[in-house]
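Enquirer: Protein chains in written order, with this note's numbering: chain A, 1 to 323; chain B, 1 to 260.
Treat the hints as calculated values from the structure; they're not laboratory data.
None of the hints are false.
Chain B regions said to be covered by chain A (calculated; three or more residues, Cβ under 8 Å): (1) 14 to 25; (2) 66 to 74; (3) 78 to 87; (4) 111 to 124; (5) 210 to 217; (6) 226 to 233; (7) 242 to 251.
We treat Cβ as the ideally placed atom computed from N, Cα and C, and that holds for glycine.
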Amino acid sequence: MVIDNVRRRSLLQRVGRVGSARPRVPTSVRGDDWFFIGTLAPAIMLLLVLGIYPMIELVRMGMSTVRLENQQFVWQFNLSAHVTRLLNDPIFAAAFRNTIVFVVVSVTLEVLFGLGLALLGAAHSGISRFFNLAAVLPILVMPVAISVGWVLMYNPQFGFFNVLFTSAGLPAQNWLAVRNTAMPAIVAVDVWHWTPFAFLILSVGLTSIPRELYESAAIDGATSLRSFWHITLPFLQSSLAVAAVFRAVVAFKVFDEIFLLTGGGPGTATEVMSVYTQRVFFQGGDYGYGAFLALLMVLLELACVLGYFAVRSGVRAAWVARA
Amino acid sequence: MIGIVLLTPFAWLLASSLKYPRDIITGHWAFTPTLSNFEAVFGDEFQLKPNFINSLVVAVLATALTVGVGGLAAYSLSQGRWAKRFKGAMMLWLLGIAILPPIALVPAYYLIFTTTRLYNTKLALILVYTLLNLPLSVWMLKLHFDSLPREFREAALVDGSGPFATLWHIFRPLAAPSLASVALLAFLFSWNEFLLALSLTSSPAAQTAPVGVAGFVQEYRVAFGPMAAAAVWACIPAIALAIFAQRRLVAGLTFGGVKE
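All chains should be built: construct the whole structure from the sequences, respecting the hints.
Expert: Have a look at this one:
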């Protein structure tokens, strides 16, 4: 711990100024340093034991084959086997492709719908308590329970959609079991699930725009489309970025809904990286290759996050250069 | 109108949970409601009582630990004389945990907990959930502590209040709104979490509610009524908290957006 002498002096000076008689310097100022080490220690312990150590183990496992023999894990370094297997793994290729498609399509739709809803809410000045409650529920309710709800919605015999379809005279669909509809069905669940989140973030962003800007724009004869383009969007830029990045990070991890609704099927139509990795690890009992795939996900995520920050600082620099 | 679209899946789930099997299979809009499914979930056939009790124990203890460990760490990082660079590194470390895909923790946890005999225990889940809740709690509480005037602490020290008494009697009440947000979100996260619970438990001794509810989808493919009822039971904490503590929850959920 590096002790900041400037602050200590200023603190003592300020203490000295209190009252006419020179007050005793509280002993606790010195003892504080130990107090602050002690209060941070539990968090650091947890972060080391359950955060850093497992990551080291993950790297080690990802480079080895690990087998369970007589209740003992037997390790053997074998990185090349995993690399060869990865390059000839059509399921992983599909899972990789599907994850990217899933993240891009659902996050785009969620941010667009969320923006629309936030603008609608702002236009109607004050959203009803009922709507707010309806918007918060999908975010807070157990994803497993939500998946059960959608399993029943999509059920080919008596699900909500097919009851609607058949009463309209249309043929019933087997939504989750057909290649063409399985992925769109999953994306629809995610859009339903997370559009409210984008809505919340963007609503907060909208309230930070000064009303006077719109008024003076209206006086200058700007159309509402123009003031949306020149006032709303520039002000919302950071909220839009936050909503998209938050959603992308979480969408990348998607597991519960796909695991329960399709299990990755039919075929590999909805296979994503988390679901495939979990299956390789537990059903395949392939601890080494499973860890290798998990490690790959971490590296991919890291690359995306660093890439995002690089692009963002690049954009900032471009803005500064222009100004 | 859009609110109704958002609630449709919940309404369908609730309707299914109230139906007799014959009403489910015909898919009629009108039906005679029954509560038998809600009892069946905890009955001899499905036996989900231990799962829900485990969930409650795990979520309550993980929440308590999250608020305790996270609150102390946030106070230390906000008020302690740590070097700026050290504070920055700690916050970044926490952010890293927050964006880590949970599947990345599964392989190592499975091995570590198996060899330490913590596999299939509630303790393992409690510790893991505390870790995963730590980033939000430290970030949110640190920013709250940061926003309070420094003079509070200095005045308390001059008055001879010990460091812990200062934290407890001055900072804890002032940060109460953020503490409530953190506690609510930590509870719901721990109650809802599925992937790690599925991967680190194997019997009713430690399996939580989501694992039990998911079992319906995988095993009892035809027991739609009890399946829906189990899901409705699992929704209850979130619905109750959404109704009674909506403002605190939204404050927590939009925390990242406000911060940026």
